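Peer 1: Residue-level listing of the chains:
Protein chains: 2
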Amino acid sequence: MSFEILKKCQGTAARRGVIKTAHGEINTPVFMPVGTRGSVKAVSPAELNELGAEIILGNTYHLFLRPGMDIIRKAGDLHKFESWNKPLLTDSGGFQIFSLSSLRKIKENGVEFASHIDGTRFFIGPEESIAIQKTLNSDIVMAFDECTPYPCSHEDAAKSLRMTTRWESISREQPLNPGQQIFGIVQGSTYKDLREESASELVKLDFDGYAIGGLSVGEPEDAMYQCLDWTVPFLPEDKPHYLMGVGLPKQIVEAVARGIDMFDCVLPTRLARHGTAYLSNGDTLPVKAGRYKEDFSPIEEGCNCYACKNFTRAYIRHLLSVGEILGLRLVTLHNLHCYLSLMAKIRTHIENETFTEFRASFA
Amino acid sequence: MSFEILKKCQGTAARRGVIKTAHGEINTPVFMPVGTRGSVKAVSPAELNELGAEIILGNTYHLFLRPGMDIIRKAGDLHKFESWNKPLLTDSGGFQIFSLSSLRKIKENGVEFASHIDGTRFFIGPEESIAIQKTLNSDIVMAFDECTPYPCSHEDAAKSLRMTTRWESISREQPLNPGQQIFGIVQGSTYKDLREESASELVKLDFDGYAIGGLSVGEPEDAMYQCLDWTVPFLPEDKPHYLMGVGLPKQIVEAVARGIDMFDCVLPTRLARHGTAYLSNGDTLPVKAGRYKEDFSPIEEGCNCYACKNFTRAYIRHLLSVGEILGLRLVTLHNLHCYLSLMAKIRTHIENETFTEFRASFA
Chain A
8 MSFEILKKCQ
18 GTAARRGVIK
28 TAHGEINTPV
38 FMPVGTRGSV
48 KAVSPAELNE
58 LGAEIILGNT
68 YHLFLRPGMD
78 IIRKAGDLHK
88 FESWNKPLLT
98 DSGGFQIFSL
108 SSLRKIKENG
118 VEFASHIDGT
128 RFFIGPEESI
138 AIQKTLNSDI
148 VMAFDECTPY
158 PCSHEDAAKS
168 LRMTTRWESI
178 SREQPLNPGQ
188 QIFGIVQGST
198 YKDLREESAS
208 ELVKLDFDGY
218 AIGGLSVGEP
228 EDAMYQCLDW
238 TVPFLPEDKP
248 HYLMGVGLPK
258 QIVEAVARGI
268 DMFDCVLPTR
278 LARHGTAYLS
288 NGDTLPVKAG
298 RYKEDFSPIE
308 EGCNCYACKN
318 FTRAYIRHLL
328 SVGEILGLRL
338 VTLHNLHCYL
348 SLMAKIRTHI
358 ENETFTEFRA
368 SFA
Chain B
8 MSFEILKKCQ
18 GTAARRGVIK
28 TAHGEINTPV
38 FMPVGTRGSV
48 KAVSPAELNE
58 LGAEIILGNT
68 YHLFLRPGMD
78 IIRKAGDLHK
88 FESWNKPLLT
98 DSGGFQIFSL
108 SSLRKIKENG
118 VEFASHIDGT
128 RFFIGPEESI
138 AIQKTLNSDI
148 VMAFDECTPY
158 PCSHEDAAKS
168 LRMTTRWESI
178 SREQPLNPGQ
188 QIFGIVQGST
198 YKDLREESAS
208 ELVKLDFDGY
218 AIGGLSVGEP
228 EDAMYQCLDW
238 TVPFLPEDKP
248 HYLMGVGLPK
258 QIVEAVARGI
268 DMFDCVLPTR
278 LARHGTAYLS
288 NGDTLPVKAG
298 RYKEDFSPIE
308 EGCNCYACKN
318 FTRAYIRHLL
328 SVGEILGLRL
338 VTLHNLHCYL
348 SLMAKIRTHI
358 ENETFTEFRA
368 SFA
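Quick mapping for you: the protein sequence lines, in order, are chains A and B.
8 is the number of the first residue of the first sequence in our numbering; add one for each residue after it.
8 is the number of the first residue of the second sequence in our numbering; add one for each residue after it.
Honestly, I wouldn't trust all of these hints.
One copy or two, it doesn't matter: identical chains are merged, so the pair holds either way.
Each computed DSS-like pair below joins lysine-lysine, with the alpha-carbon atoms no more than 30 Å apart [said to hold, decoys possible]:
no., residue 1, residue 2
1, 352, 81
2, 112, 15
3, 211, 316
4, 48, 211
5, 48, 300
6, 166, 93
7, 48, 87
Keep in mind the hints are simulated off the structure, nothing from the lab.
As the structure is a computational prediction, the values presented were derived from the model and not from experiment.
Build the full structure now, drawing on both the sequences and the hints.
Peer 2: Set out below in structure tokens:
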């Protein structure tokens, strides 16, 4: 595992870096499209390559349930199963267990839960999570944690954090596949003392990278930024910093300014399926709306994605309105292009020492 | 309009030809993917180009209802609206009016019907159908006809045919856009005398091509072949022959042997969305079935479509089973590749004078 910082921004904590993995290099700051169940929704690996995606996510909880680890093992690993030869990051499953499953029983060494699909009971703790992620053979493995909801009392957040820290310590002890890296996840809800405690404890475990979890779960935007301001200074500067599940384009720019290198979020793909397109300034365009039915301009003038180079808002609106799959495919391609282009712009601005101006100009 | 026959098969009525249109050439025998509502379901124009599609269909009835002719007119035409620069064929709307709409009132000069979407009442006759197809600006326009259901008494079929012949005659009289061609449609259900009458009457109107309609509507396969045997000899040899809505791979091979040059069918795209793949021998593979969940071979060994070169049955089965859009995209690509490859094989066999053997070998 190696993370190289190529350039630091003067005036903000933004960094331009490269993460080296067994499946290739990742230029940071990076946005990771989410491939929950073995596919980034509605797009193909060939399209992800054309879009310039350098790493995608897989969700441990979903893949554990379907297709299940037997099939992944027989396929070789998740790269081979889904035909994605570039880097993969898998989450620990913790977030989904706590947000999707039911009848949870939290125990000393993990969680017993009922599948949200058919109610089958399973047990996953740090050892099980890492074993699953070894079967998936992701390049970046995440330590097993509990993600607290928002709001959360200090008492509950502290109790959850102690358990998470113990689970992450067990995660760290598990031997990994050759080439796999493991990141720890800072929790602690919106409390300064807990965030600091979490970061400090995790740093002792010497992870390959550090994620900040438990944000973008309903807290005000300012609280998210404040948590970053509290937490990042406690993380090793020479390791990648990953803000999980974030977020809006503006939040990404602000988090980069606070020293974050990696992002993932379902928004560009999810909003696309609901007929909403992102614009490069971070605004959204509800292209499915009736008011675009005679608008023969592209989603965004000057955008060079496949959707904007070939199709009008009127056409895409028609497809979405009658339920043609091509409609949501085109908006998904556009939205991913929009996010990945934003990251490319951020990287160039850091390289050119113009990031501070870019940040100020970003609505 | 020009149709050139490059080679004739010895021993069958199969022909290898080229149709020249304002938007390019079409090599026949040809299969035309169906783009009902302005999109071949689940695939993009770029993918259709990669698959080697030379012409696609648009459905007059569906496009008339949504997005409506106002929007198509403002977009320029259907080519511009859907970003498809190659040849387009539009049907007359007759088949869908008679199969999808309700509360139909057949009048001397057309049909009044209620939209299957919201019940709005419309009137379409030969003049209206051609006017719509002029707005769509398809390269090949179809005359307005009634498609009889199966079974249909001789009396009803004869009565329908007389009306259809009158409507087609009116269709033929309408001035078209520069470069547009118009095909007549032979009807007459499964009755030899009516098929002969229909063909003879239409030939007098000197259409640019001749379609055979009213087949693949539930009649036995042998009845379909018999209708072709009755009808094709009455059609001008130097004009394209189009068998509408057909069909299974084997039926296509048999129809080519009977002198058919053009085909369209929703089967490859529709079956794909239900998780069924075609194989090159005409068999189908229900790839969504549980028995493929640990099958790590491609849909078809040796197939060089994007799906088969990159993904396994197990992966595609997983995607279909959890409802990921990529699953039906991959099967759609494979099925269209399968149909378009079959046509390429047929053309090569006619050129190489091996079509008779190929036909015999085709299951």
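Peer 1: Indicate, hint by hint, whether the structure satisfies it.
Peer 2: Hint by hint, here is what the structure shows:
1. Taking the shortest Cα distances, residue 352 and residue 81 never come within 30 Å of each other, neither inside one copy (40 Å) nor across copies (36 Å).
2. For the identical chains of this complex, residue 112 and residue 15 are neighbours neither inside a copy (45 Å) nor across copies (75 Å), given an alpha-carbon limit of 30 Å.
3. Proximity of residue 211 and residue 316 under a CA criterion of 30 Å is satisfied in neither setting, with 50 Å inside one chain copy and 46 Å between copies.
4. For the identical chains of this complex, residue 48 and residue 211 are neighbours neither inside a copy (37 Å) nor across copies (54 Å), given an alpha-carbon limit of 30 Å.
5. Taking identical chains as interchangeable, the C-alpha atoms of residue 48 and residue 300 lie at most 30 Å apart whether they share a chain (25 Å) or sit on different chains (20 Å).
6. When the C-alpha separation of residue 166 and residue 93 is checked against a cutoff of 30 Å, the pair qualifies neither within a copy, at 38 Å, nor between copies, at 65 Å.
7. Taking the shortest Cα distances, residue 48 and residue 87 sit within 30 Å of each other both inside one copy (18 Å) and across copies (28 Å).
When the structure is compared with the earlier hints, violations turn up for hints 1, 2, 3, 4, 6 and for no others.
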